[in-house]
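Starting from the known structure of chain X, arrange chain F on it as the hints suggest.
Protein chains: 2
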Amino acid sequence: MRTMHLIDQAKAAKKASREILSQGGKSRTAALRDVRLALEALSGEIFEANKRDVERSAKEGVSDALLARLKFDEVKLLRVCEGIEALERKSDPIGRVLEQRSLDEGLILSRVAVPIGVIGMIFESRPDALIQMSTLCIRSGNAVILKGGSEALETNRILTRIIAEASSTQIPEGWIWLVETRGDVDNMLSLNSLIDLLVPRGSNKFVATVMKKSSIPVLGHADGICHIYLDESASVAKAIQIVLDSKMQYQAVCNAAETLLVHQNSAEILLPPIQDVLQSAGCEIRGCARTSNIIDVPQATESDWDSEYLDAIISIKVIDSIEEAIEHIHMHGSGHTDVIVSEEDQAAETFLTQVDSANVFHNCSTRFSDGFVFGLGAEIGISTSKIHARGPVGVEGLLSYKWQLRGSGQIIADYNEGRKSFTHRDL
Amino acid sequence: MRTMHLIDQAKAAKKASREILSQGGKSRTAALRDVRLALEALSGEIFEANKRDVERSAKEGVSDALLARLKFDEVKLLRVCEGIEALERKSDPIGRVLEQRSLDEGLILSRVAVPIGVIGMIFESRPDALIQMSTLCIRSGNAVILKGGSEALETNRILTRIIAEASSTQIPEGWIWLVETRGDVDNMLSLNSLIDLLVPRGSNKFVATVMKKSSIPVLGHADGICHIYLDESASVAKAIQIVLDSKMQYQAVCNAAETLLVHQNSAEILLPPIQDVLQSAGCEIRGCARTSNIIDVPQATESDWDSEYLDAIISIKVIDSIEEAIEHIHMHGSGHTDVIVSEEDQAAETFLTQVDSANVFHNCSTRFSDGFVFGLGAEIGISTSKIHARGPVGVEGLLSYKWQLRGSGQIIADYNEGRKSFTHRDL
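From first to last, the protein sequence lines stand for chains X and F. For the first sequence, position 43 matches number 31 in my numbering, and the numbering has no gaps at all. For the second sequence, position 380 matches number 368 in my numbering, and the numbering has no gaps at all.
No wet-lab data here; the hints were simulated from the structure. Fair warning: there could be bad hints in the mix.
Which copy is meant is left open, because identical chains are indistinguishable; a pair holds if it fits in one copy or across any two.
Pairs of lysine-lysine residues, derived as DSS-like cross-links and limited to a Cα-Cα distance of at most 30 Å, are as follows [claimed, not checked]:
{"no.": "1", "residue 1": "K201", "residue 2": "K(-1)"}
{"no.": "2", "residue 1": "K14", "residue 2": "K64"}
{"no.": "3", "residue 1": "K408", "residue 2": "K3"}
{"no.": "4", "residue 1": "K193", "residue 2": "K3"}
{"no.": "5", "residue 1": "K78", "residue 2": "K64"}
{"no.": "6", "residue 1": "K78", "residue 2": "K200"}
{"no.": "7", "residue 1": "K193", "residue 2": "K64"}
{"no.": "8", "residue 1": "K226", "residue 2": "K408"}
{"no.": "9", "residue 1": "K408", "residue 2": "K78"}
{"no.": "10", "residue 1": "K408", "residue 2": "K64"}
{"no.": "11", "residue 1": "K(-1)", "residue 2": "K200"}
{"no.": "12", "residue 1": "K47", "residue 2": "K64"}
{"no.": "13", "residue 1": "K193", "residue 2": "K47"}
{"no.": "14", "residue 1": "K39", "residue 2": "K226"}
{"no.": "15", "residue 1": "K39", "residue 2": "K64"}
{"no.": "16", "residue 1": "K3", "residue 2": "K200"}
{"no.": "17", "residue 1": "K408", "residue 2": "K39"}
{"no.": "18", "residue 1": "K3", "residue 2": "K14"}
{"no.": "19", "residue 1": "K39", "residue 2": "K3"}
{"no.": "20", "residue 1": "K(-1)", "residue 2": "K64"}
{"no.": "21", "residue 1": "K78", "residue 2": "K14"}
One chain only, chain X, in its complex shape (with noise of 0.2 Å):
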């Protein structure tokens, strides 16, 4: 497996991917299962491989966080394992007829669910996140290529084969690849031929990068600065308590919130709860001038609008308006998710409506923006790009269709000539 070079491996992919078509959805469910079942058959092997991988990495100096990523064990092990449960209980996605039309008399056309292809999917160091791509791979019926960390090297190498194997008898060989080096990183990105959809997961640079460097669509977000914007009818409770949980609750994340916009009229009676919770929390507060004016906080620059802290701190800024507050979001948001709290539905409609993101909320966490949470099963990743996918992205994701048109002899001289005429109408 190992010797083949990249262009072999994605060519092989391409055509795993086209033997996939004339199998049906079952075989993927039992290649879900089996996979399962190896994994936790060969538990002792991958925690071996992976306590490997730790020692190394820990001895070349990488952080402490990152090591807890690295770290694969029983409890990540049974996280994943769930999650494949979950894919083996999920109807099977390809083949769905997603729109049927009767043309004319015996000329009947469908919009059918195919898998997209090959998947190229880059990410960071968590093993775990190999066996969830790959598994979501399995069930919408793509070939992915994987490129993993250099810290998991042995991890990565030992659950690719683990997978390999435990669906081999029931998806073409072929289908799953490792590739290993930067340098195949830099290949892949040139294999437009081969490779249909790039999902890199890593930091805003990198998937900037890759969207530069290659034409191969990529499915994958830039920044997370989302908003939340406290209007004039805010109600304290909500505002304090949704502000807490969407910059607190946990930092390091793309839909945690970094600026708060404050409606001069409400700003001299949220202010001051807010900045108490916040700095109990332990949260740094930076304010515009009009901020500094009711609490004691140091000011924010202009670069702070632009900043995606991923950090306990927080800018605020004092808005004459909601249109004041919506042209801010357009200026300085990334299209990630932005909250309005306000007691007045006709406000709560116009931020709904008018502020151009992937996730709009209205009196609840910027926190929710989640495929988990928004029921789609298992995430691929959050999008704020409006082409093919935008927001929290599922399986639904990995998916393209076809159209299948089902004819008894048609040609389309009678149409032109005026012997027949189409009859639409939807089935």
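Then chain F, alone, in the frame of chain X:
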């Protein structure tokens, strides 16, 4: 208008696209009507400008085919106005709820259709395309930057002016811009923070260049190398009729057939009558060695299998099995439109399932792959990409969606810490 730099035009378009979000569908319907009436009222001026374009281009020695496409007359005006009327009757797609789910009590998620934002459209010399594209953008709530062929310069200018002015009482100013130079096209491709989607129409080479040069998503097709596979069980009458229509009804289009694959067991029966009708219609035939053993035609070379002739030429290959046909299509096809002619439903379903193309047809002409034929209304183009939209693309190709979540003070901590749990329920 014309003295502005492209980047300022694009910024104005982005601003307008955000303002459009606050408007209802009625204003878009009224704008379409106003545009149609203005085009009719000012047709004299349009025809004058077009006459100057045609005369200048004729002097510059452009081909008759291009002059025919460039010419804009009463007949073409009538046709585009009919198209606009159809868009006026179409229900407004913006704000449509695509799915809705209760996540918990008082926490309702909605996925809602929204415009994409700013579309960059690059098209050839047909002035009617400018009208079709800009009115599609009105219906779908998008702003648009148009680049037309230089031959149609005067016609495009007056059309853009009329459309901008007639729509100005209903749609925010700045939603439509015409750019005129090749340099502007290069600049368009780099504006990835302002332009959300590129829709290039033109030669395959041009579309491929756009895809390569820009990190903006591109909606467009590459080649149209369409196949007809005549199965072992093909009806002779249907085969003859479908081959003739697919190849000769109109050759210069992407959904015309280029290669015929004939099962070895039916080749002796099918090839002689097919040769007769194709040659009578003026079609040149190039065949593989086994074809030449049955009918007297010149030998095809390897490059014939990869050629989009767009002309009265067809290549024919005799193959051993349906599997070989599918393999040939995957090797040489462009994923556009492929047809099986067969009286066996099992073979047809195998073909429709396993051929990895945007359009897969049974017993009908390749020429049916078309947005109007499919009942999509106006067609933006035919996509051979698997991302966002595939096959004929209607107004839906210009739409995205957003997630709206309406809560009553919910925070994620309550769910993560077990005080509450999600009760996902589709509405």
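Hint check:
1. K201 to K(-1): So K201 and K(-1) pass the 30 Å test inside a copy (21 Å) and across (25 Å) alike.
2. K14 to K64: within (27 Å within a copy, 53 Å between copies)
3. K408 to K3: neither (41 Å within a copy, 47 Å between copies)
4. K193 to K3: Classified as between; 26 Å across copies, 33 Å inside a copy.
5. K78 to K64: within (21 Å within a copy, 51 Å between copies)
6. K78 to K200: Cα proximity of K78 and K200: none, with 35 Å in one copy and 38 Å across.
7. K193 to K64: Classified as within; 28 Å inside a copy, 49 Å across copies.
8. K226 to K408: The answer is between: 17 Å across copies meets 30 Å, while 63 Å in one copy does not.
9. K408 to K78: between (44 Å within a copy, 24 Å between copies)
10. K408 to K64: Cα proximity of K408 and K64: across copies only (23 Å, versus 62 Å in one copy).
11. K(-1) to K200: both (24 Å within a copy, 21 Å between copies)
12. K47 to K64: Intra 23 Å, inter 74 Å, cutoff 30 Å: intra-copy only.
13. K193 to K47: within (27 Å within a copy, 52 Å between copies)
14. K39 to K226: neither (45 Å within a copy, 66 Å between copies)
15. K39 to K64: For K39 and K64, the Cα distance is within 30 Å only inside one copy (14 Å; across copies 72 Å).
16. K3 to K200: So K3 and K200 pass the 30 Å test inside a copy (28 Å) and across (25 Å) alike.
17. K408 to K39: neither (71 Å within a copy, 36 Å between copies)
18. K3 to K14: within (20 Å within a copy, 50 Å between copies)
19. K39 to K3: Cα proximity of K39 and K3: none, with 35 Å in one copy and 54 Å across.
20. K(-1) to K64: Answer is neither: 33 Å inside a copy and 47 Å across each miss the 30 Å cutoff.
21. K78 to K14: Intra 11 Å, inter 41 Å, cutoff 30 Å: intra-copy only.
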